[in-house]
Amino acid sequence: MHLHRSETDILIIGSGGAGLMAALHAAQSCPTLDITVAVKGLLGKCGCTRMVQGGYNVALSPGDSVERHFMDTINGGKWIPNQDLAWTLCETAVTRVRELENELGCFFDRNPDGSLHHKAFAGQTFDRTVHKGDLTGIEIISRLMEQALTLGLKALEEHRVLGLIPAADGSGISGALMVDVRTGDFRFVKAKAVLLATGGGPTMYRYHTPSGDKTMDGLAMALRLGLDLRDMEMVQFHPTGLLAGPDTRMTGTVLEEGLRGAGGHLLNGEGERFMENYDPKAERATRDVVSRSIFSEMRAGRTTPNGGVHVSMSHLGPEHVRKTFKGMVERCRDCGFDLAGGLVEVVPTAHYFMGGVVVDTDCRTAIPGLFVAGEDAGGVHGANRLGGNGVANSTVYGGIAGERMAALCETMPFAADPDETVIEAELARAREPFGRSGANVGDLRDRLMDNMWDDVGVMRDADRLARGVASLDALGEELMATGAGPEKRAFNLTWHDWLNLRSLVEISQVIARAAQIREDSRGAHYREDFPETGDLETSTFTVVREVDGKLEARHDPVVFSIVSPGESLIEAA
Amino acid sequence: MSMVRTVGAPHRRQVLWWAFLMHRVSGVLLALFLPFHFLVLGFAIKGDATLDGFLAWTENPLVKLAETGLFLLLAVHLAGGLRLLALELLAWRSWQKNMAALAAGAALAGALLFLGVAW
Amino acid sequence: MNARREAYLYAAQRLTALIMAPLVIGHLITIIIAIQGGLSAEEILSRTSGNIFWAAFYGLFVLAAGIHAALGLRMVAAEWLGFRGPLANWTVAAVGLLLILLGFRAVGAVI
Amino acid sequence: MAGDDKDATLSVGVWRGDADGGEYVEYSVPHRASQTVLDVVTWIQRNIAPDLAYRFACRVGMCGSCAMTVNGRPRWTCRTHVDKVARNGRLTIAPLDNLPVVRDLAADMAPFFEKWKRANGAFQGGETRDDPIAEVRPDEPERKEADAAIECINCGICYAACDSVRWNPDYLGPAALNRVWALHNDRRDVARDDRLAAIGGEGGCHLCHSQAGCTAHCPQGLDPSGGIAGLKRALFRAALKGTV
Ligand SMILES: Cc1cc2nc3c(=O)[nH]c(=O)nc-3n(C[C@H](O)[C@H](O)[C@H](O)COP(=O)(O)OP(=O)(O)OC[C@H]3O[C@@H](n4cnc5c(N)ncnc54)[C@H](O)[C@@H]3O)c2cc1C
Ligand code: HEM
Ligand code: SF4
Ligand code: F3S
Ligand code: FES
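Taken in sequence, the protein lines are chains A, B, C and D.
Here the first sequence is numbered in the numbering used here, starting from 1 and rising by one per residue.
Here the second sequence is numbered in the numbering used here, starting from 1001 and rising by one per residue.
Here the third sequence is numbered in the numbering used here, starting from 2001 and rising by one per residue.
Here the fourth sequence is numbered in the numbering used here, starting from 3001 and rising by one per residue.
A hint or two may mislead.
Unchecked claim - DSS-like mimics (lysine-lysine), calculated; alpha carbons at most 25 Å apart, straight line:
#1 K326(A) - K3144(D)
#2 K326(A) - K119(A)
#3 K326(A) - K3084(D)
#4 K323(A) - K3117(D)
#5 K119(A) - K3084(D)
#6 K3084(D) - K323(A)
#7 K119(A) - K281(A)
#8 K119(A) - K323(A)
#9 K3117(D) - K154(A)
By construction, these hints were calculated from the structure, which means they are not laboratory data.
Quantities reported herein were computed from a predicted structural model and do not represent experimental measurements.
Could you put together the complete structure from these sequences and hints?
As structure tokens, then:
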């Protein structure tokens, strides 16, 4: 098996907010560094940072404070977040937004007097979300991308990273193995420091919002390296994903929160408003409550033709709706629905993944030289992520990782040699499906998505989780018996689908394991058999890791390093 | 095997593209025709007879048609050119389509007028 | 520098267009009037001979047309014939010059 | 076409090939009520042609990866409903024009971004992260121009629709120039004169002939054509002032 080998100082995996910000900061810290970005799609054109609609949380508004942002984050995360991570997030977001505006050229919406506009976002005690209309992500990623283009970094576009390779001498990381999607050639890039920034992404659910290139590859790689993954049961569902039937990729894509905020109604299959039966705030209840309520209606069989519920806006006046939610109305119209005047089917949809690799505030992991930032990192959000903290997380920590990696490289004479046996093992693993005749990988994925949706989804209990674990095991075995036909590696999307599915199955197993051991309901994790939120003072977070091919799950106590339950930084201030 | 990916390139089928094409073709044809036109007039140096002889030749319907064509070209190019100048120098935008239509219409009207008068 | 040259060439093309616009309109109207009753050499010459106004009118037109057409052809040659660079520039300049010379000869003849 | 009719099929010609050439291959695809062109392509790859190469990411019109030529016109396929474009149940799908092909429906976007870079399409600010954020009133005329040009998703559709690009491969093209127009109207930027110089020379904005295919096809409703006209004016002024 021929393997291209090359060397770089810093290898960045992924070109979302975290990856690109890391590249920029590394280059600023040390312009002579050789920086390589390997990314599954085209530079800056894949991943979810592009897809950010709502905006970016930052305590820049007069009267707001980092303390307040921090308290909202901790409360939203149900006291599970790593407080040092959350604090660094809130504190650094201030500089980061100024950097985005002043140095990189993002332009966020202004008030009529020219000052930065901050909008309200659910779950926060202050209007602190800066945004560019409802297409904030496009502005952020485009500006990052064009700055990265001028850096002269080495972009390995359409290079899928297959595995992280440790050093032969056990001293840390050595680099990453990848495949050039276009040619099918394998390549090992040796590096002094590696950043994992593949952006998590819970795309193993029947309904999901993230971009299609995100399939938990990064977390699966980290798991294989034996790293601790935390909060893996924490999957955030957005209550209103578009439901357009199983045959279209449009299904699952997000219909914005504001529809409910503005007074939109949710109607079940019998045409009744049902939210009042679950929560006095009705449609304006929080994301998790609305998601569970819709899910309950669906379980009770009161569904629309495609198996969801309806969102109805027309009572607000179609013209008004068309004006206020232009983007959403157009998006629905493009796939054949009339949001302004008719009914549109919606369903809760998996949106964000709070779980991830255990890191410190310098983005370091347990393996020297390996850094993790963005949605791949765990601990920042705890049990729930505030809308607007996701892109803040990826750009804040991407930047930090870039600086720390640059500093590390400057003290290192050369990169460590790789453990060749791991390279061999990863190559064999990637080529696994070749030679076996192919069943339809898509069918397996459909089954995975159904399993996860039904048994490890919005509402969980011990029985369902047990069933979920069993079907995931069976699915895993079936996948290993399924092939991708003869070995044709150049732009073979069917092979990549297989690889995607393997990452998804593995991380699904971790999610299910973590969900099994968390026997209380918190934030995004809801156990019907343990509906109460446990004692906050003794809060723990879950950690799963792989030991000798087996998953081990445990609880670690939350350290209240800054504030304890019952206290608040705001009163103190 | 063929490299042709878009047969007939329908992406061009929009008003402003045709406006562009008409403008360009008329410009090129004008540039080709104008030297001859000048040449003809230049005959005047050699005495009225040559010119008259030549002008008599223009009584030929075919030549008349060509003259009409020239007139049309000039009209088309003029109208298209004014449209472009408005667009680029005055930053007219939503007007574009109207201007294109106007240009074509004016050119056609001019040509018809000329035809009517000439024959 | 390059940018300035292109900007000036662009401006020259648009400027000559602006100059020609009224001239062409004027010319077209004259033709329509002239054509009624058929063209004749006397007619043309009696109208134009020794008339300083028409001399300036057509002189200006010829000058502008030469510059304008040369610049226009430069663009078309580059795009449709792939003919670019110094040789192309000199060629279209020559065409423009020829146009101007022929034009002046014609103007000289009828004035 | 009857959308819900389970028997209805689409006849789809898909361009298959690579940089050396290719041809249209016919597929028959079930027609559904909710079905985008991207769904058609996906269905073919999943069910008939496992080795069909194409690209997508966000599937909601934000990433600009899924642009292809559909029935002869460049479009974003994830947000193009089949019923909007199919003629008598017929679709032809090819990679974007004016770009090299990687394989099948995937075009090589490298020249597009190379030009973005050449046009100096990256912001250059005079302030740093330690300075306050500039106060810019949204109703300033310059700001309005910049805002109108800002939401480009770099899909390359305008680039594929422009014959000036086709005829002169050196031409920067509408998207890069549209970006420059946005930056030209961003008064926080300190490199506006340099940028005018970068887009005024060879391959620059004077190669645009206002064909306006860019504006007609831009899925984000931007107006590169108008922006480029603005750049031409700006360049002329700059030439007179001697700043380029
Ligand atoms: C529809 C939607 C709306 C959202 N709205 C908001 C919002 O309003 N506010 C907010 O704060 N957050 C929002 N989020 C969340 C936010 O987008 C993400 O949390 C954040 O952008 C993640 O950034 P990232 O850099 O970690 O990952 P991403 O931006 O997702 O980038 C991941 C990168 O890794 C690459 N990659 C993946 N696997 C591999 C591999 N094997 N090899 C090589 N490369 C790989 C991907 O191609 C991609 O380039 C939203 C998310 C979605 C889906
Ligand atoms: C009546 C007054 C005229 C006006 C207002 C006018 C206007 C214009 C304009 C604005 C262009 C630029 C097109 C572009 O770059 O896209 C142009 C191009 C051109 N003009 Fe004229 N023009 C006039 C007369 C003429 C004449 C008399 C000739 C012939 C000698 C001519 C020949 C050309 C040519 C060859 C082009 C290039 C076509 C192209 O680039 O597409 N024009 N004209
Ligand atoms: S200007 Fe429009 S068509 Fe061109 S790349 Fe940007 S979004 Fe696409
Ligand atoms: S299509 Fe091309 S020619 Fe100009 S107006 Fe747009 S860039
Ligand atoms: S898939 Fe992102 S724009 Fe179509």
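Each hint, compared with the structure:
At roughly 19 Å between alpha-carbon atoms, K326(A) and K3144(D) fall within 25 Å of each other, so this suggested pair holds. Distance hint between K326(A) and K119(A) is fulfilled; the C-alpha atoms sit about 18 Å from each other, no more than 25 Å. Restraint check for K326(A) and K3084(D): the C-alpha separation of about 20 Å stays at or below 25 Å, so the hint holds. For the hint linking K323(A) to K3117(D), the alpha-carbon distance of about 36 Å lies beyond 25 Å, and the restraint is violated.
Distance restraint check for K119(A) and K3084(D): the Cα-Cα separation of roughly 36 Å exceeds the 25 Å cut-off, and the hinted pair is therefore not satisfied. For the suggested pair K3084(D) and K323(A), the alpha carbons sit about 23 Å apart, so the restraint of at most 25 Å is met. Restraint check for K119(A) and K281(A): the C-alpha separation of about 21 Å stays at or below 25 Å, so the hint holds. The straight-line distance between the Cα atoms of K119(A) and K323(A) is roughly 18 Å, inside the 25 Å bound, and the hint therefore holds.
Distance check on the hinted pair: K3117(D) and K154(A) sit about 14 Å apart at the alpha-carbon level, within 25 Å; holds.
Against the hints set out earlier in the document, violations occur for numbers 4 and 5.
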